[in-house]
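**Q** Given chain A, put chain B in place with the hints provided.
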Amino acid sequence: MELIKCFIVGGLLCVVAQILIDKTAITPARILVGYVCAGVLLTGIGIYKPLVEFAGCGATVPLTGFGYTLAVGVEKAVSETGILGALTGGLSATAGGIGSAILFSLFFGLIFKGKPENL
Amino acid sequence: MPRMPFVFTKKPKIVACATAVGALEAKGPLSSLFDVVSDDSKYGMNTWEKAEAEMVRSCTEIALKKAKMSYQDVDVAFAGDLTNQCASTTFGMKDKGMPYIGLYGACSTFALSLGMAALSIESGLATTTLSVASSHFCSAERQYRFPLEYGCQRTPTAQTTVTGAGSVILKNVENKDSAFVAEFFPGIVRDLGIKDANNMGAAMAPACADTVCRYFSLSNCTPKDFDLILTGDLGLEGHRIFLELCGAQGLNLVDISDDCGKIIYNMKEQDVNSGGSGCGCSAAVFSSLIMDQFQSGHLRDILLIGTGALLNSTTVLQKETIPGIAHLVRIRKDAQWN
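One line per chain: the protein sequences are A and B, in this order.
Residue numbers are given in our numbering: position 38 of the first sequence equals residue 38, and the series is strictly consecutive.
Residue numbers are given in our numbering: position 199 of the second sequence equals residue 199, and the series is strictly consecutive.
The following block holds chain A by itself, in its conformation from the complex:
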């Protein structure tokens, strides 16, 4: 049941992005950034946390989940250290994600060579 909820919510978030790619002129880069911002906004107004509790990874893996992590990190840091937390909280909470993105990118860039898709 957990898996099904996860799959449906995560899948729906991807469907929205696919519709944006297919039907609008919004570039993929802007869609990704939009998703992060949407995650922050939806967390701020209290919608996203219940979604995470409902769907687990289905809500945290898509990029809106990154926005959620940023927003939750800021909330936590502000409550612990005051207004400076607005600057430190987001990066601290997502440090693991950012660090692994850099590390794995480097690793895969060293062992694999790019090639064109469609082949």
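In case anyone wonders, no lab produced these hints; they're calculated from the structure.
Incorrect hints may have been included.
To be verified - Subject to a maximum C-alpha distance of 27 angstroms in a straight line, what follows is the list of computed DSS-like cross-link-like pairs (lysine-lysine):
1. 113(A) <-> 27(B)
2. 50(B) <-> 10(B)
3. 50(B) <-> 113(A)
4. 319(B) <-> 23(A)
5. 42(B) <-> 113(A)
6. 50(B) <-> 96(B)
7. 268(B) <-> 319(B)
8. 115(A) <-> 50(B)
9. 195(B) <-> 176(B)
10. 333(B) <-> 10(B)
11. 66(B) <-> 23(A)
12. 10(B) <-> 23(A)
13. 27(B) <-> 268(B)
14. 115(A) <-> 268(B)
15. 115(A) <-> 42(B)
Quantities reported herein were computed from a predicted structural model and do not represent experimental measurements.
**A** Using the frame of chain A, we list chain B on its own:
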């Protein structure tokens, strides 16, 4: 006469042509007609740009070999590609001892290079010329959108940049059996406000319709006089818009027009979105299929309209519109004499 389609009295003959393409093109409908194909998109080199230069060098040398010529026999070469400052064609043709004129017309470069080469023969600057244009999917993605490694998704209206190069040797020679460049009609830059870099076909279609409609309004010919009116790389979407725009001007080209971007790939089976694009698209299709059909007698008189989208990576980021251009050349073969 100024502003009119320029008719070449010397009828510069196409004495040889050659193509070099990548794996995707080699799996398409024209596969048996290409001279050089490679499964390796890097063509044995360590960067995409060098791979493109290698395709340029390769198809040039094959064309020269077919014409039984060497680089020393070429009086001037016209070439261009999509990379910054046309590095790929420059690097592919450096140190060959040939006078070299670099051209930029985006994807219209091949038609432009044929027109300019024919002009140089007509003026007496040259007796023998070389026209080359190339593009490479990977170098173009890096240039105009994102490096491959970014892994972004492409939209349905996006086209696939052809990995390919085509070369043509023109010579001022009497040869009744050869096709020749009959006319050249340069295009006007037109901009109808398209901003979507993923929809180049729509950006180029107005310029293409403009060139074709102006040509027919000035020429004594009508569309029925031609076997084929071939656009460079408008793709599915762009070609449809082009036909509509011409139709609105009273020119019905539906049965006589096709597009290199739709010809070079199997649109149904290969995942190429709206079709092929890039300088290499019209260069490879013309130098393989079209020349083959001239040789076999299937084609006798065609218009090739190279189409280019004149954006660069900066103008897109600055949210500018995408101007287009289309250059027209007429390729003909005189009736066989007995």
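**Q** Work down the list of hints and note, for each, if the structure agrees.
**A** We went through each hint and held it up to the structure:
no. : hint              : verdict
1   : 113(A) <-> 27(B)  : 22 angstroms, holds
2   : 50(B) <-> 10(B)   : 37 angstroms, violated
3   : 50(B) <-> 113(A)  : 15 angstroms, holds
4   : 319(B) <-> 23(A)  : 19 angstroms, holds
5   : 42(B) <-> 113(A)  : 11 angstroms, holds
6   : 50(B) <-> 96(B)   : 16 angstroms, holds
7   : 268(B) <-> 319(B) : 33 angstroms, violated
8   : 115(A) <-> 50(B)  : 14 angstroms, holds
9   : 195(B) <-> 176(B) : 47 angstroms, violated
10  : 333(B) <-> 10(B)  : 13 angstroms, holds
11  : 66(B) <-> 23(A)   : 48 angstroms, violated
12  : 10(B) <-> 23(A)   : 51 angstroms, violated
13  : 27(B) <-> 268(B)  : 13 angstroms, holds
14  : 115(A) <-> 268(B) : 23 angstroms, holds
15  : 115(A) <-> 42(B)  : 9 angstroms, holds
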